[in-house]
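Here are the chains, one letter per residue:
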Amino acid sequence: MNAHGTVHKYGDNVDTDVIIPARYLNTADHKELASHCMEDIDKDFVSKVKAGDIMVGEANFGCGSSREHAPIAIKESGISCVIAATFARIFYRNSINIGLPILECPEAAKEIKAGDEVDVDFDSGKITDVTTGKTYTAEPFPEFIKEIINAGGLLKSLRQ
Amino acid sequence: MGMTMSQKILAKHAGLPEVREGQLIRAKLDMVLANDITGPVAINEFNKAGFDSVFDTHRISLVMDHFAPNKDIKAATQCKQCRDFAGKYDIVNFYDAGDMGVEHALLPEKGLIAPGELCIGADSHTCTYGALGAFSTGVGSTDMAAGMATGEAWFKVPAAIRFNLHGKLKKYVTGKDVILHIIGMIGVDGALYKSMEFGGDGLSSLTVDDRLCMANMAIEAGAKNGIFEVDEQTLAYVKERVDRDFEVFAPDPDAVYSETYEINLDEIEQTVAFPHLPENTRTAADWGEVKIDQAVIGSCTNGRISDMRAAAAILKGNHVAKGVRCIVIPATQKIYLQCIQEGLAEIFINAGCVFSTPTCGPCLGGHMGILAAGEKAVSTTNRNFVGRMGHVDSEVYLASPIVAAASAIAGKITGYNG
Chain A
1 MNAHGTVHKY
11 GDNVDTDVII
21 PARYLNTADH
31 KELASHCMED
41 IDKDFVSKVK
51 AGDIMVGEAN
61 FGCGSSREHA
71 PIAIKESGIS
81 CVIAATFARI
91 FYRNSINIGL
101 PILECPEAAK
111 EIKAGDEVDV
121 DFDSGKITDV
131 TTGKTYTAEP
141 FPEFIKEIIN
151 AGGLLKSLRQ
Chain B
161 MGMTMSQKIL
171 AKHAGLPEVR
181 EGQLIRAKLD
191 MVLANDITGP
201 VAINEFNKAG
211 FDSVFDTHRI
221 SLVMDHFAPN
231 KDIKAATQCK
241 QCRDFAGKYD
251 IVNFYDAGDM
261 GVEHALLPEK
271 GLIAPGELCI
281 GADSHTCTYG
291 ALGAFSTGVG
301 STDMAAGMAT
311 GEAWFKVPAA
321 IRFNLHGKLK
331 KYVTGKDVIL
341 HIIGMIGVDG
351 ALYKSMEFGG
361 DGLSSLTVDD
371 RLCMANMAIE
381 AGAKNGIFEV
391 DEQTLAYVKE
401 RVDRDFEVFA
411 PDPDAVYSET
421 YEINLDEIEQ
431 TVAFPHLPEN
441 TRTAADWGEV
451 KIDQAVIGSC
461 TNGRISDMRA
471 AAAILKGNHV
481 AKGVRCIVIP
491 ATQKIYLQCI
501 QEGLAEIFIN
511 AGCVFSTPTC
521 GPCLGGHMGI
531 LAAGEKAVST
541 TNRNFVGRMG
551 HVDSEVYLAS
561 PIVAAASAIA
571 GKITGYNG
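Residue numbers (this note's numbering), protein chains in the order written: chain A, 1 to 160; chain B, 161 to 578.
So here's chain B without its partners, still in its complex pose (with noise of 0.2 angstroms):
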């Protein structure tokens, strides 16, 4: 009986030559993260628990980008404590205002993460570095601490749903729309526990951020992990950005899968998921008169360039509509800069569009865009929950940048065809 990809990596860092679903295996790991929201956790757990060292100074990423540039004396004492702690261990990947990204997106930007490599993170999208063929889950703190001081972590061995992806996306289609039709397709907890293994002939024709904005998404269907299989074009991307050896792991040809889904990308429109659970998806037929007054494009889902491009392509020469606050957040300094040197700060600045600095900022409801009630807003990250971006009456819809871009300049949501 073959292993699925997800297996097959586990069972590399436990050591093993098989493992099974269901097995509970420790597992090496090749990196930790944690934020400053729950890296503090992370540190107050590690401090107590009394270890005075961590297992590798370079397999740990701190990245301040939660609540930063700090919103409030609270949020700086977190950072505070966060980069004391990284000082104090020599954490090589500390990342504090004015080079940090969104954790997300800057990680696999900065060459961090390798295809078969086994990645924790104290944030649940840590699950996007599967779109590298990595196997990367998001924890608690409490692991952290753990993969902190000892360089590896329990795991139940996790069965996996595979999708086979067939054809290419539409213009004006994107990887966003894909996994908001999957998981409506199979519910926030269609995949509860499982991998979700994405393959297929269909698969040459997204691209890298396509898949890194679903394999963030991963866990909106409960899933453990998301991963792809590996092509010429993750290994393009990684070879610019990794300088160390890696192995590429492909599911064993009679890997068992709990369910295969075909997939046909040709089929997939433009999707908006409906408050209150991202589940709630609609396409353009259903989604009636939803007038905005907020939209935000960014995040560790569509925080990336090529998000930034198709933003400002629509955006180019318009205005956001009267009564609506249209914020754009290039997810790394890298993107940001890319922006201003591509013209496209410009297009957002011209077109009324605030134009920030990295941060998570509004999709938690952190600081940079938080909702009053009875507010709606388009966005382009990842939870559409009660209260996520503000007050407990107000309403997230998510969508593409491509579509908030259009439903930025028309005030309502709004889909786009050229």
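Bound conformation, chain A alone (with noise of 0.2 angstroms):
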């Protein structure tokens, strides 16, 4: 499995309350949801994002609430994989649940800039800046994390 796509690049600690403020939780609606995707901290966003693209933070991404509504907007917004040095527990945890692949990797999460073309192949760990030629390996997910992404998420998995 394998994701390519431009890079939208965040700081540190991009908390759950930017990446979908609270003030439209009154909704699941997912399309609704990914329509605000970012808009404390990037108005832009939204208008920018193309299906496939690969959203960058750095440490601690998606601290905060336990909002499933954070890891739902960013993937129904088009975001194909998330890469950061360090992710939120619950975010990562939410993520995986909903078949949303994020990758941790603190070397490509400092180096890789926005507008940068990625490329990320899951079964290896492998990240490839193609803007830069530069290469960086993270942690490939451990089977048990695979079995429920491949399945397309945990419920679906559960079911399987």
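Mixed in with the good hints there might be a few duds.
Stated by the list, open to error - In the DSS-like style, the derived pairs of lysine-lysine whose C-alpha atoms are separated by at most 27 angstroms in a straight line are:
id : chain 1 : residue 1 : chain 2 : residue 2
1  : B       : Lys-270   : A       : Lys-156
2  : B       : Lys-188   : A       : Lys-43
3  : A       : Lys-48    : A       : Lys-146
4  : A       : Lys-43    : B       : Lys-316
5  : B       : Lys-188   : A       : Lys-31
6  : A       : Lys-126   : B       : Lys-316
7  : A       : Lys-134   : A       : Lys-156
8  : A       : Lys-146   : B       : Lys-188
9  : A       : Lys-156   : B       : Lys-208
10 : A       : Lys-146   : B       : Lys-208
11 : A       : Lys-9     : A       : Lys-156
12 : B       : Lys-240   : A       : Lys-43
13 : B       : Lys-240   : A       : Lys-31
14 : B       : Lys-316   : A       : Lys-146
To be verified - Which chain A residues stay away from chain B? Per the calculated CB distances, all over 10 angstroms, these:
id : residue
15 : Lys-48
16 : Lys-50
17 : Asn-60
18 : His-69
19 : Arg-89
20 : Asn-97
21 : Pro-106
22 : Asp-119
23 : Arg-159
It should be emphasised that the hints constitute simulated quantities derived from the structure, not laboratory data.
The structure displayed is predicted, hence computed values, not measured ones.
Even glycine gets a Cβ: it sits at the ideal position worked out from N, Cα and C.
Combine the two chains into a complex, taking the hints into account.
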């Protein structure tokens, strides 16, 4: 499984309140949530993002609330993969559970810049910055998590 | 090699003699929780996956607290969806406007959490229940849906940071100041993926309410859970509320910790977290002059009766400063009634405060006290992220109910020493 797209880059401690502000949590509609994704730190994100694009953050990405609306909004906006130096744990779990691939790689998170073209191979954990030619290696998913992602999320894996 | 308190609880619920850091396990759940925001997403997933029964009608809690009493039509629709689901599946612990409270104040009060139990909740502050010696952690709605259907969840066994508490807090310094101090010390990702385990000879000087407030904010240091050793105070609190058997776990004497901190409670000062992260903590000397537009006293962090009493003691006979809105929100109906019976409601109203029915409301910028651009609030809640309480250009300063009440009177961030 691969992802390939243009990078949207953010810094440390991107919290779930900026990924999807609580004022929009009076709906669980995926498209409506996606229409406000990242609005409080990057109001142009929604108009810029294209299907397949990649989001890169630095330390503690997704900290704060447990709202699954955050990875849902990111996934529904078209993002195919999130790379960060570290993820907050509930966001990490939620992303796996809904089938949004996410990778921890501090070096890639630091060096990859907004607008770079990036390719990700989930099986090997290899991240290639096509723009700069540099490659990075993230820890690939453990088998247990691969099964959930390959099934298309936790509930589908439970039903199998 | 011994196990931490959290590891022992996880091992027990996974049916394993022992577990190790990093191990992936499936464990049986004692309680599964969601609210009116995360519940609908969980219910949608539950239905989409084709489940048609829940694992235990007594071990699921649905609390309508975030945008309730319904703030708008969409919020009303979300509560209705939860209400219909609770009706269809005979969910015993469904709490609606009129008997609900802020979930993390409500569940311990109702005796729904006991020491040694394992709880997941689709709300990040589910870590609150670690105050009672339970393993309790926030998850998302899909985990909640799977938990409702199967009574199980997957966990990666966490390492732990040990906090040995010593001495006794100074007067007018509270559990809120201790946890803000600790988050300031280790940072918002200082306990990422780990347990924060609290014990030591100073534990006995902290009330159960102090511990609930501290465990509540473990997530603000990135922790998977916060957990307190069980003592006589815990048992006294639980015995008044819980009528089922439970098992008390203590960490092994040779448990391995990734880090150990010695915390001298006597040295902790009144602490405020400045915008826009809970780790931006400062003590009085560094507060400067911060004029406020609003004070919020309430939430799952500080909406308990001891918080109401502490705020009322300061507000009694005083009036909120001109130009400041002070919003007081007791966290549950029981606390609300206690405020009336003890005369606290009268003190708040005479001081010019809003005195509201329980709701999470302003904490997450939902309703009941949203900030305009440029406004500043001192708040007893748990997060001060950009836009948390309203406009992206507003600011939230996190503090104890004592500091918040004193600040409401002064019109600026102010400490209180009697």
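Query raised in the report: Does Asn-60 of chain A really sit off the interface, with its C-beta more than 10 angstroms from all C-beta atoms of chain B?
Result: 4 angstroms, violated
Query - 10 angstroms cut-off, C-beta based - Lys-50 of chain A kept clear of every residue in chain B - result: 25 angstroms, holds
**Report entry** Given pair status - Lys-31 of chain A, Lys-240 of chain B, alpha carbons within 27 angstroms
**Finding:** Given that 27 angstroms is the threshold and the Cα spacing comes to 21 angstroms, the pair holds.
Query raised in the report: Can we confirm that no CB of chain B comes within 10 angstroms of the CB of Pro-106 of chain A?
Result: Given a closest Cβ separation of 12 angstroms, the condition holds.
Requested in this report: Determine whether the non-interface label on Lys-48 of chain A survives the test: each CB of chain B must be over 10 angstroms from its CB.
Outcome: 19 angstroms, holds
Query raised in the report: Do the alpha carbons of Lys-126 of chain A and Lys-316 of chain B lie within 27 angstroms of each other, as the hint requires?
Result: At roughly 24 angstroms apart (the allowed maximum being 27 angstroms), Lys-316 of chain B and Lys-126 of chain A satisfy the hint.
Query raised in the report: Between Lys-48 of chain A and Lys-146 of chain A, is the straight-line Cα distance small enough, at 27 angstroms or below?
Result: Status violated; Cα separation ~30 angstroms.
Report task. Verify that the Cβ of Arg-159 of chain A lies farther than 10 angstroms from every Cβ atom of chain B, and report whether the claim holds or is violated. Result -> For Arg-159 of chain A, whose nearest Cβ neighbour in chain B is about 6 angstroms away, the distance does not exceed 10 angstroms, so it is violated.
Query raised in the report: Is the Cα-Cα distance between Lys-134 of chain A and Lys-156 of chain A 27 angstroms or less?
Result: 36 angstroms, violated
Query raised in the report: Given the hinted pair Lys-43 of chain A and Lys-316 of chain B, is their alpha-carbon gap at most 27 angstroms?
Result: Not satisfied, since the Cα-Cα distance of roughly 35 angstroms exceeds 27 angstroms.
**Report entry** Satisfaction of hint between Lys-208 of chain B and Lys-156 of chain A, Cα-Cα up to 27 angstroms
**Finding:** 9 angstroms, holds
Query - Check on Asn-97 of chain A being off the interface with chain B, judged by Cβ distance over 10 angstroms - result: Label violated. Min Cβ-Cβ 4 angstroms, cutoff 10 angstroms.
In the structure shown, a violation is registered for the earlier hints numbered 1, 2, 3, 4, 5, 7, 11, 12, 17, 18, 19, 20 and 23, in ascending order.
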